[in-house]
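Let chain A serve as the given structure and place chain B on it in line with the hints.
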Amino acid sequence: MPLLDVHDLAVRFHTRDGVVRAVEGVSFRLERGETLGIVGESGSGKSVTCLALLGLIPSPPGRIEGGSATFDGTDLLSCGERRLRDLRGRRIGMIFQDPMTALNPYLRIGTQLAEPLTCHGQVGRRAAWAQAEAALQEVGIQDAAARARGFPHQLSGGMRQRVMIAMALIGRPDLVIADEPTTALDVTVQAQILDLIRALQKARGTAMILITHNLGVVAGACDRVAVMYAGRVVETGPVAAVFRQPLHPYTQALYRALPRPAARGVDLYSIPGQPPRLTRPELGCPFAPRCPAAAAICREPMALAELADGHATACVRRQRGEL
Amino acid sequence: MSDPAPAIGTCPAAPPPASATPCLEVRDLQVGFRLDDGRFVQAVRGVSLAVCQGEILGLVGESGCGKSTLARACAALVPVNAGDVLLNGVSFHGLPPRERRRRRPDLQMVFQDPYASLNPRMTVQETLAEAIRVRQPLRGAALRAAVQRLLTEVGLSAEQAVRYPHEFSGGQRQRIAIARALATQPRLIIADEPVSALDVSIQAQIINLTRRLCRDHALAMLFISHDLAVVHYLADRIAVMYLGRIMEIGPADAVILRPAHPYTRALVSAIPDPDPTREQARSHLLLAGDLPSLLRPPSGCPFRTRCPWAAAACATAEPALLPAGEGRQASCLRLAELPPG
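Chains as they are written, first to last, in the working numbering: chain A, 1 to 323; chain B, 1 to 341.
Just chain A, same shape as in the assembly (with noise of 0.2 Å):
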């Protein structure tokens, strides 16, 4: 049994401009100790999805309108809030993009370390100080004690990555959800840490999606990658498979408008006109206005087919070996 399970998941947000389809129909599944990127770009709905496995999304206007999310045996979607808030903290950690905002800036960093041991209820206040200092120090955090009493604002902000990735880590979680960990940090801290993530994990064993933007972070750091475009998992599988032969024509298509060594000199491929509306239903394929290769037949509903070990495809016309 996978660790986590995710079933035809939908979630949509009322607006005054109508209803955006952040998410609609993504299934996924994650075993214990393994590493899922999604990638896509903004507006794909790969933070919405974490959001909503984590019961964050902001309602109204969000509502979660449909699938399930079985994490070892229960359903994070129907589970309610108590349950959830029991999970949260414990059993899945949270990495946000900005430490700054995602860090209280009037509390001392060991405080908000012990936090989720105490609310928990597993262990005392002085234990719970003494497993934050420990967990400063395993993150690479020198003077761990006196970092410990000090304040966020005190740390840069590759120091402050390493506090959250301390603070997801202190409950021994059998998953973390990490959201564009490194985007904000430089190219040389985002070794760091991604080398940090890394070996944590393998430590631990702990499994982990981690969304991300950057194909690069994808190739080093995840086991599987799911590539989402306008709220759908449009192809999903393991790395290597999918950036050797990506199966669908959007993840071609971003694969190869990134600027290379090789390409210097000659136009980058871009790919033609804008991500689609989301308030629009849109019932064959998102990508087909912009596709290459679209056809007739990309009207039609798509949804994932497996065509090789694990790697999938929404493309019905890959599906249909026409391409």
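In short, the hints are calculated from the structure, not lab data. All the pointers check out, no bait thrown in.
A short, non-exhaustive set of chain B residues, derived as facing chain A with CB atoms under 7 Å:
#1 E62
#2 S169
#3 D199
#4 V200
#5 N208
#6 Y233
#7 A266
#8 P272
#9 E279
#10 H284
#11 L287
Per the computed footprint, the stretches of chain B lying under chain A, defined by three or more beta-carbons under 8 Å from a beta-carbon of chain A, are:
#12 201-207
#13 217-230
#14 249-260
Simulated restraints on C-beta separations:
#15 A:E31 to B:H217: 52 to 62 Å
#16 A:P105 to B:S63: 16 to 26 Å
#17 B:E159 to A:P272: 16 to 26 Å
Note that beta-carbon positions come from the ideal geometry of N, C-alpha and C, so glycine has one too.
Chain B only, in chain A's frame:
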């Protein structure tokens, strides 16, 4: 502090300089700020470089390295403490205000956030017309035609001139910002992270546009980015900054594919490769620690606190930018002793 770096003032062999004087020349520039608490931050500490006509110079470095301050000092948007900025051979900061205003249209800037840099209450027509009239006294139909030519040039349709910035997507807004920069017929464009806020597919469109415009108008461009892949693709030469100083400068392929300076090596090694086999096979040169504070920069080489090859001498002597093969210059005392990259 004032290491002589004479060779940087001259242009490299490729691309061939169209004129003897570079469009932009920065000589031993020092820029600092006084903080609220009275302390002084030296953001740019003795930088010299030159950009020739038709050339794109990429400027890379991490946050706080002084690349944006350097850009603003070049455009005289912040006062300089020492050194000089020359536009087409004339000192920009030394000019009397009226003369400086007359020459300012020669230099245009494109910023990271096109929404913050466009006036939300002006239509595209009004924004571009205002910029065109700085140099050309057009009005009526001729002015409208000029606006339409600009819009077409950056890949927007003429009908979109009547719209306001909020009606456009991020990529389209950046096209408008580029059109506005072109409106004064500049010789030099300073672009500060122009594609960093855009998604990959849109980023590719703007990079292509930038490359085409530079070529067609023989523009000189200082292109600032923290994304080495983008800079490598676009720039002819690349300068790498760290804590207000240039660590390495030279032809793009040499700097990125065969980096000489330890910091450039670490920077290149830190870019994740989108090819999973290559990414998981290669070794990363991980740096220890964080960027030192500019309030207390390290003595000697600014990079020595994080450099895996630092020696005792690096703390005392400040290395000068010296030729380091393939037409590049690097500032490292131990360059000859380092293992091949």
